[in-house]
Amino acid sequence: MNGQSEKVLLAKEYEQRIPLLLSEHPAGRVHSVFQNGVNIQMGGRLFFIGTKKNGELPFGMHLSSNSLQYAVGTIEQDSPVKWRAASQELVFEAASIAVSLAEATPFHWNLSCRQLEEDDLTNNLVLLLSILMEEPIKTGLELDIEEFVAAYLDESEPICKTGEQVKKLLSTLLSTDEEGIEQSLRFFLGRGQGLTPSGDDHLVGILAIHTAVGLLSSEALQVLGRLVEHGRLTTDVGREYLLYALEGRFSSTVVKASSELTQRTDIDTLKPVIQDLLDMGHSSGIDTVFGMLLGLLMLRRKLEWLKK
1 MNGQSEKVLL
11 AKEYEQRIPL
21 LLSEHPAGRV
31 HSVFQNGVNI
41 QMGGRLFFIG
51 TKKNGELPFG
61 MHLSSNSLQY
71 AVGTIEQDSP
81 VKWRAASQEL
91 VFEAASIAVS
101 LAEATPFHWN
111 LSCRQLEEDD
121 LTNNLVLLLS
131 ILMEEPIKTG
141 LELDIEEFVA
151 AYLDESEPIC
161 KTGEQVKKLL
171 STLLSTDEEG
181 IEQSLRFFLG
191 RGQGLTPSGD
201 DHLVGILAIH
211 TAVGLLSSEA
221 LQVLGRLVEH
231 GRLTTDVGRE
241 YLLYALEGRF
251 SSTVVKASSE
261 LTQRTDIDTL
271 KPVIQDLLDM
281 GHSSGIDTVF
291 GMLLGLLMLR
301 RKLEWLKK
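So the sequence shown is residues 1 to 308, counted in the numbering used here.
Check before you lean on any hint, since a few could be wrong.
To be verified - Straight-line Cα separation of at most 30 Å, DSBU-like style, residue types lysine-lysine; simulated pairs:
| id | residue 1 | residue 2 |
| --- | --- | --- |
| 1 | K52 | K82 |
| 2 | K302 | K256 |
| 3 | K53 | K138 |
| 4 | K12 | K302 |
Just so you know, the hints here were simulated from the structure itself, not pulled from any lab data.
Please read these numbers as outputs of a predicted model, since none were measured by experiment.
Please put together the full structure from these sequences, using the hints given.
Written as structure tokens, this is what we have:
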């Protein structure tokens with residue numbers, strides 16, 4: 001296929017490491033095609049070509065809506081993909097399409113480590129809960145957030161099995177008990193519907209808070225890394241988000257929300273970035289925000305332990 005007969009679609013933005021990663025694995029296939037984009041698999045890792053509906057992704061190349069519409073209507077699942085490093089193009093020969101990064105803007109969302117004072121943590125928990133309790137919200141695992149938090153803060157027993165497992169997760173991820181950590185993580189990995197199961201989204205939210213404030217035990221990180229890398233416990237897309245989250249890399253929406261939650265903030269600043277996440281996907285945004293809430297509750301517990 002020569003360049004003259006290909007339709008070239010110009011990407012608008014891409015995560016800055018993507019060209020290097022594609023150069024290491026220049027041949028692959030189309031993993032999946034759906035309304036908001038195309039996932040391609042290159043060297044065992046996924047890359048997303050699509051809209052910024054869910055923010056700028058750590059493995060994302062983002063197109064205009066017109067270009068994306070054309071791509072989604074033309075590219076077929078399992079067809080081959082090649083990376084042309086010289087011209088910075090991803091070539092879909094069967095569809096006669098090339099996606100060019102040559103004129104696109106690279107992006108990188110960094111979540112820096114910081115210290116969150118106890119008073120600010122308490123304030124941020126109150127603000128986040130006030131946002132989440134404006135109307136009844138259930139997670140993708142059908143857990144009522146207000147009921148769970150009330151039971152947790154009262155130190156009473158959760159009213160359902162999922163609530164019990166969440167409460168257990170809050171303890172095990174701070175512990176050195178590798179067997180308990182694995183048992184707890186296996187409950188959540190891959191649990192729920194969709195491309196990114198709800199349990200995975202909870203873990204991504206927790207990892208975002210961990211990246212900002214240094215939360216989880218080294219044992220918890222090691223066990224989670226092993227299960228995500230080798231466990232085959234979740235979807236390919238869920239696995240990809242978790243692999244990046246373990247490296248401290250997240251979508252722009254997650255970085256903005258978790259960054260705001262781990263520094264002194266106010267309701268007018270916090271609410272828009274939380275709302276952007278809550279509006280994302282069927283339940284994916286809610287599940288990720290719930291994970292961030294869990295991360296803050298874990299930090300509260302950790303600070304209480306340190307005072308004893």
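Has the given pair, K302 with K256, been kept, meaning a C-alpha gap of at most 30 Å? 24 Å, holds
Holds or violated: K52 and K82, Cα atoms, limit 30 Å. 23 Å, holds
Proposed proximity, K138 with K53 (alpha carbon, max 30 Å): Cα-Cα ~22 Å, so holds.
Satisfaction of hint between K302 and K12, Cα-Cα up to 30 Å: 42 Å, violated
Figure legend: structure checked against the earlier numbered hints; the only hint not met is number 4.
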